[in-house]
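Each chain is listed here by its residues.
There are 2 protein chains.
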Amino acid sequence: MDLIFLGTSAGTPTRSRNVSGLAVLEESGRGWHLVDCGEGTQHQILRTPLSLHTLESIFITHVHGDHCYGLPGLVASAGLTGRRAPLRIVGPADIERWLTTTLTLTGCTLPFELHFEAVERTSQWQSHTLHIDAWPLSHRVPSYAYRFTEARPGPQLAFASLERDGVPKGPLWGRLLRGEDVENQGRRFRSLDYVTFDREPRRILVAGDNDRPELLADACDGAQVLVHEATYTADVAERAGPNAGHSSAFGIAQFAQATGLPHLVLTHFSARYQNDERHSPSIETLREEAAAHYDGALFMAKDFQRYRLDKHGALMLLPDPA
Amino acid sequence: MDLIFLGTSAGTPTRSRNVSGLAVLEESGRGWHLVDCGEGTQHQILRTPLSLHTLESIFITHVHGDHCYGLPGLVASAGLTGRRAPLRIVGPADIERWLTTTLTLTGCTLPFELHFEAVERTSQWQSHTLHIDAWPLSHRVPSYAYRFTEARPGPQLAFASLERDGVPKGPLWGRLLRGEDVENQGRRFRSLDYVTFDREPRRILVAGDNDRPELLADACDGAQVLVHEATYTADVAERAGPNAGHSSAFGIAQFAQATGLPHLVLTHFSARYQNDERHSPSIETLREEAAAHYDGALFMAKDFQRYRLDKHGALMLLPDPA
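As given, the protein sequences belong to chains A and B, one line each in that order. Going left to right, the first sequence walks through residues 1 to 322 as UniProt numbering numbers them. Going left to right, the second sequence walks through residues 1 to 322 as UniProt numbering numbers them.
Calculated directly from the structure, the hints in this document are not laboratory data. Some clues are possibly wrong.
Calculated from the model, a selection of chain A residues having no Cβ within reach of chain B, i.e. all distances over 12 Å [unchecked claim]: (1) GLY11; (2) ARG15; (3) ARG140; (4) GLN254; (5) GLY313; (6) PRO319.
Here are some of the chain A residues that sit facing chain B, going by a computed Cβ distance under 7 Å [to be verified]: (7) LEU46; (8) LEU50; (9) ASP94; (10) LEU105.
Just so it is clear, CB atoms sit at the ideal spot from N, CA and C, and this is done for glycine as well.
Between the sequences and the hints, there should be enough to build the whole structure, so can you do that?
Structure below.
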């Protein structure tokens, strides 16, 4: 499971960071998911190996512009470049209202279907290899985290059961191993009865804007990775006041430490923080504050960084392909 | 008067071209105007000397996504970075409807006023040094050209008239020269009675999507520059059919030739045309088709190019500042 950061800035883009967007790639290579879609996300995608034709679903954490203003252009471009497969869009119900109004007023007819699912009404979804579920957060408007959990981690055939039930050897076994329920000569075999899983599922939690990390305590159970905002340092958060609805580097690090999370990836940095640490304040300021309170593996996300969560549950930053 | 191209691609962005956006800078250095605002226009602006704080007005040619999806993010960022001055937005009435709906649904409250002016109801505007007027075009949806005309080209004091009427020498003369009407000891003097203009006004016409260039015949009167779309070559236009609503390089060149326009700047190139002429088809293909039918000065716009129309009515491409 890979993550590609498409935008790591809060509120406004900067010359080196776009507003929010994060690609979650399925292990199978058969598709990917987009969490948030700030303005310019489609432009960022042009600079990655990602294609709008293999995008499975879009998850919007909350209805603020820096998390969704890229949606109409992204779906319009997917249509103009020939996408025909339906696209699932999960998010607060106002996303559907806004996007359909926008497409209508701007005369945009898509050659594929949009399947909207309101996160207020449904909180679990499936994809090729993942279970996805949503967790409510605390922000100025309703905001959610999305959790991506591997559905079938390290499947192994249970040979004793297959032989006991006389399941004919050959292609049937392969289909059961891949998760298919199969029929043979009037008998039905359920994959789950003949497959065991040999390791813990990989689990990545991607949070929207949130000023109460502790709301994610249950969601972090079994998660190897939390991607969370750290909009500013604790002193700036204090000056911004409680109405801003954001977490500080200190606050989220303290939570991750208490929860025993192995990997914490921070993102959504206020535009005041420079990428270049020769300029103050820089993201290094945020990193230092978080590192002082968190002993796990800490990463400060940058646009276009690609991370891989391997089968052993270890997260690594992949080298820049350029 | 300068032009800075912020996007020169039709429909979808490419790695080297953004969708439509063009900055028109006033001679005075006191402000600028934006014609069209495709997604990512605010990102492009970050790479120019332009500031969202000195933007006077936005003119939208028509309500298609590649010409307006950047509006909500641009005004939101202007607010977040401290703009307080009102901003005029001119365009089809649906622009107001869409933008206000968008800002409301996404919880965006601006710290400055938006002054909407529907081009269906008003077609003339003023700024510091320019008259601006709108001209209807032909496209799949209502589309307009905006024409920027210098209001006071080369003002000179009419000394004979000043002396004849006994207008006191000194600061009053300077104010009259700058266009102010003034009062002195109960007498009122109108600037227009004491100032003459020593040259033709500069005039730049910026068109939206349009499949009938001849609609601009009157608008081109006295214009030194026409910025117009040339979405594809004539043969591709033929294949696209009459419903596409676009001009070919051939069609617009033929019009500019017939009209005797001194400078033609083409833009809004289909994403199929590459910037790099080692790849076919490239924008060079479009240039060749236009050049074969137009004897004036022909320019193929590129993102971030800056053009200057000087006082003698000559247009030049300024060197890249990098």
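We went through each hint and held it up to the structure:
| no. | hint | verdict |
| --- | --- | --- |
| 1 | GLY11 | violated (5 Å) |
| 2 | ARG15 | violated (5 Å) |
| 3 | ARG140 | violated (7 Å) |
| 4 | GLN254 | holds (28 Å) |
| 5 | GLY313 | holds (36 Å) |
| 6 | PRO319 | holds (22 Å) |
| 7 | LEU46 | holds (5 Å) |
| 8 | LEU50 | violated (13 Å) |
| 9 | ASP94 | holds (5 Å) |
| 10 | LEU105 | holds (5 Å) |
Going down the numbered hints, you'll see the structure goes against 1, 2, 3 and 8, while the others check out.
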